[in-house]
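Colleague: Chain residues, written in single-letter form:
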Amino acid sequence: MIALVRGELAKLLATRLPVATLLTALGCGLGFTALLALAGPGNSTPPLPGIETPEGVSLVVGMGGLLLFVPALIGTIAVTGEYRHRSIGTTFLTVPRRGRALVAKLVVFGGLGFAYGAVAAVGTAVALVGSAALRGVALGVPAGALVAMLAQLALAAAVYAVLGVAIGALARQQLVAVGIVLGYFYFLEHVLLLIPGVNVIHPFLPGGATAALTDFTFLSDAIGAQLPISMPVAISPIGGALVLLGYAAIAAVVAVAVPLRRDVR
Amino acid sequence: MNSHAIEVTGLSKRFGEVEAVRAASFRAEPGRVTGFLGPNGAGKSTTLAMVLGLSRPDAGTARIGGAAYRDLDDPTGTVGAVLDSTGAHPSMTGRGHLRAYAELGGHARRRVDDVALTTGITEYLDRRIRGYSTGMRRRLALATALLGEPSVLVLDEPSNGLDPAGIVWLREFLRAFAGRGGTVLLSSHVLTELQHSIDDLVLIDRGRVAWSGPLDEFTGAASSLESAFLAHTMEVHP
Ligand SMILES: Nc1ncnc2c1ncn2[C@@H]1O[C@H](COP(=O)(O)OP(=O)(O)OP(=O)(O)O)[C@@H](O)[C@H]1O
Ligand SMILES: [Mg+2]
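Protein chains in written order, with the working numbering: chain L, 1 to 265; chain E, 1001 to 1238.
Fair warning: there could be bad hints in the mix.
[Said to hold, decoys possible] Restraint ranges, calculated between C-beta atoms of paired labels, are given here: (1) N1002/E <-> G239/L: 50 to 58 Å; (2) G1010/E <-> L194/L: 53 to 61 Å; (3) D1074/E <-> L194/L: 49 to 57 Å.
Hints were generated in silico from the structure; no laboratory data involved. Every value quoted in this text rests on a predicted model; they were computed, and no experiment measured them. Ideal Cβ placement from N, Cα and C applies to all residues, glycine included.
Kindly generate the complete structure, drawing on both the sequences and the hints.
Modeller: This is the structure in structure tokens:
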């Protein structure tokens, strides 16, 4: 199994995906956060809390959580790329026990997702601290709490990458799979939040669970304040973590089991 | 070289209405090059995919050295295969690709340079596969198949895209491989291509094995391989 993980890692490292991933992570973490922290608060309607308050920090970090579809997308593109470029035959000939090949892939892409999350987290921390210094304010949360928040986000990134691999292994067609990932995380989940009655399940969806993880209630609060819709009660950060891990487990089982019997040509 | 025969018994596969392979049975022996000949759509690729466990037969079995492909202890150390589905990721270099699959198959890293030299791709090993020509890709696929020093080769239309020098080289290579005791099963839809490179022939037509045996017995009665081919495919389906 270790040899297979090393093999999958060698495959990943032979492409440009890891570099692209980490650059994206840095861009998302550093750039996006700096933008939010420096320009966003105060200038928007309604005014957002500044980063000198706990709510403000949580808001900025939680917005980072909205970018978690990126590691999901990376996992999806990697798996469907094997079908698209027909290297999947080479892979399954080398490892005819397909389940083992996919477990190795999940480990490697879970790791890449975590690396994405970690780089994005460091970028976010740097941007937050830098923005606070520039604006001459103290950050709204102690360093320890910030690190914990960001570490959770990095773990969530690993979970999202695993979800992405599973979606890719299921759909196989690259465009279809990418469409599913974007359509779901970008659109469907947010739409569900707007439907009264249905939105009670939102905290138990990946996006809602991630929001719980970082205590990020901005989206639902904002919607609740603007529209006459009752918002679902958020679950605790630990509950959010458990829900996310549950999704990762289901995704892993699906990704390993589904391709077992399918024909490759 | 260990010797492993390929034994196909009653393999069948249907895609909806199409009976792609119908109860196909044949053998490919160690020390011999076996040609798998049939017109377009005869079921060659489908059969080979089932032999290699990439596709699931509706009935029948395929064994290599007595075991199904997926049950082999060292699959790529036993069988090397080039099929339509053995592609490579375009953003990798040839070297990156070979290294990754050597690692995945548990083969020594020095094999990368060995197989590149054997297949004549050393020169462009550090270029991205995106820029490879069709013939270069075929050679890379063959190099990948050779990473594990297999004793069985299964090749689906291996000379597609090769230049004349490449075709001659491949023929010599396969003859030498069988000469060392290896088993070679290669498909083609071009009669003349096989004439000088094979010992045994398996003829497949519309999913059925129409004839199999040593090549000289096949051509014996007819004036040429071509007329023998036509005679046999007509015999089965008048
Ligand atoms: N996945 C599939 N779905 C539907 N039909 C298929 C599928 N794969 C193969 N077929 C059909 O099965 C038959 C055999 O196809 P196969 O590719 O095995 O032929 P072949 O002998 O390799 O032909 P060629 O010389 O053109 O490569 C054809 O009629 C083909 O259309
Ligand atoms: Mg074919």
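Colleague: The hint says 50 to 58 Å between N1002/E and G239/L; measuring C-beta to C-beta, is that right?
Modeller: 57 Å, holds
Colleague: State, for the Cβ atoms of D1074/E and L194/L, whether the hinted interval 49 to 57 Å holds or is violated.
Modeller: 56 Å, holds
Colleague: Take a look at whether the Cβ-Cβ distance between G1010/E and L194/L falls inside 53 to 61 Å.
Modeller: 58 Å, holds
In summary, this structure violates none of the numbered hints.
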